[in-house]
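K.L.:
Sequence:
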Amino acid sequence: GGRGGAAEAKGSGAEGDFWEAVSRLFGYMKGPLGGYLLVTLLCSFELMGAHSLMNIYITDAFPSCGPRCLGNLTIARAVVIAVSSGVLLALSIKWLGDSRTLWIALAATGAHCLVLVWAKEVWVLYANLALSAVAYFRVSVLPGFISSSVPPDLVGFALGAANFLRMVDSVLAPVLFARMFIVYADEPASLQLPGLPWVVGAGFVFASMVALALVPAGGAGE
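In our numbering, the protein residues as written are 6 to 227.
For the record, the hints were derived by calculation from the structure and aren't laboratory data.
Each hint should be verified, as a subset may be incorrect.
What the hints assert, rightly or not - Here are the computed distance ranges between Cβ atoms for each label pair:
{"hint": "1", "residue 1": "S153", "residue 2": "L181", "range": "28 to 34 angstroms"}
{"hint": "2", "residue 1": "W24", "residue 2": "N60", "range": "40 to 46 angstroms"}
{"hint": "3", "residue 1": "A135", "residue 2": "G39", "range": "29 to 35 angstroms"}
{"hint": "4", "residue 1": "V160", "residue 2": "G71", "range": "45 to 51 angstroms"}
{"hint": "5", "residue 1": "A112", "residue 2": "S69", "range": "42 to 48 angstroms"}
{"hint": "6", "residue 1": "A83", "residue 2": "A183", "range": "18 to 24 angstroms"}
{"hint": "7", "residue 1": "S69", "residue 2": "A95", "range": "35 to 41 angstroms"}
{"hint": "8", "residue 1": "A26", "residue 2": "V129", "range": "47 to 53 angstroms"}
{"hint": "9", "residue 1": "L93", "residue 2": "S153", "range": "21 to 27 angstroms"}
{"hint": "10", "residue 1": "G208", "residue 2": "N77", "range": "26 to 32 angstroms"}
{"hint": "11", "residue 1": "G71", "residue 2": "L181", "range": "24 to 30 angstroms"}
{"hint": "12", "residue 1": "W128", "residue 2": "V27", "range": "48 to 54 angstroms"}
{"hint": "13", "residue 1": "N77", "residue 2": "F162", "range": "27 to 33 angstroms"}
Heads up, the beta-carbon is just placed ideally off N, CA and C, and yes, glycines get one too.
Build the full structure now, drawing on both the sequences and the hints.
P.N.:
As structure tokens, then:
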């Protein structure tokens with residue numbers, strides 16, 4: 006009986022600690038944490054939506070890009086992401102710092118979207134991978150800003166909130182982007198814009214830059 010009571014009390018205490026931590030986390034939402042989570046929501050919306058349709062878009066907008074071309078682009082994109090997440094990111098943070106790296110990454114993301122929309126030749130898709138390399142910096146840099154905006158004991162909860170927002174984006178973004186992708190399917194060719202999702206994606210990225218600019222100064226210690 007004593008052991009059961011102790012276990013129950015321990016479980017109740019752990020549950021209480023959890024909800025207390027959640028309550029504290031919401032308190033920090035009024036500070037930098039809320040801003041960084043909003044940036045995460047907006048820029049990951051573009052990431053989840055755009056990449057879910059990338060191959061379909063390339064096939065539709067670039068008929069000359071057959072299976073071999075598409076395969077080469079996919080391989081090149083994977084290599085670019087691997088390199089940008091390692092060497093290039095480390096050099097950027099060393100030379101420019103976290104904050105400038107994040108700003109540059111968001112700007113590169115928006116530019117990547119717009120170049121993709123108005124590209125007419127396949128070689129532009131390969132050249133655009135350079136922007137992709139810089140754009141992916143945001144995936145690695147943002148968690149550091151989120152972690153620094155809360156006390157150490159709330160870092161796990163804050164990163165969990167960011168992952169939850171990405172999960173929401175991973176469900177909603179492909180649905181919305183797919184709908185935009187086919188919205189002009191029955192229109193005359195002059196009115197069709199298969200790149201519309203990336204125009205909207207660039208808008209989300211711009212909104213994330215505005216949100217980043219509005220993040221209040223200060224951190225967990227203030």
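K.L.:
The structure should be examined with respect to each hint, and the outcome stated for every one.
P.N.:
Evaluated hints:
Checked against the hint of 28 to 34 angstroms, the pair S153 and L181 passes, with Cβ atoms roughly 32 angstroms apart. Taken as a hint, the range 40 to 46 angstroms holds for the pair W24 and N60, whose Cβ atoms sit roughly 44 angstroms apart. A hinted range of 29 to 35 angstroms holds for the C-beta pair A135 and G39, which are about 33 angstroms apart. Between V160 and G71 the Cβ separation comes to about 47 angstroms, which falls inside the hinted range of 45 to 51 angstroms.
With their beta carbons about 30 angstroms apart, A112 and S69 fall outside the hinted range of 42 to 48 angstroms. Between A83 and A183 the CB atoms are about 23 angstroms apart, so this pair conforms to the stated range of 18 to 24 angstroms. Look at S69 against A95: about 37 angstroms separates their beta carbons, and that is inside 35 to 41 angstroms. At about 48 angstroms, the CB distance of A26 to V129 agrees with the hint of 47 to 53 angstroms.
At roughly 22 angstroms, the beta carbons of L93 and S153 sit within the given window of 21 to 27 angstroms. At roughly 30 angstroms, the beta carbons of G208 and N77 sit within the given window of 26 to 32 angstroms. At about 29 angstroms, the beta-carbon gap between G71 and L181 stays in the expected band of 24 to 30 angstroms. Our hint of 48 to 54 angstroms for W128 and V27 holds, since their Cβ atoms are close to 50 angstroms apart.
Hint check: N77 to F162, Cβ distance near 42 angstroms, so the stated range 27 to 33 angstroms is violated.
Of the numbered hints stated above, those contradicted by the structure are hints 5, 13, listed in ascending order.
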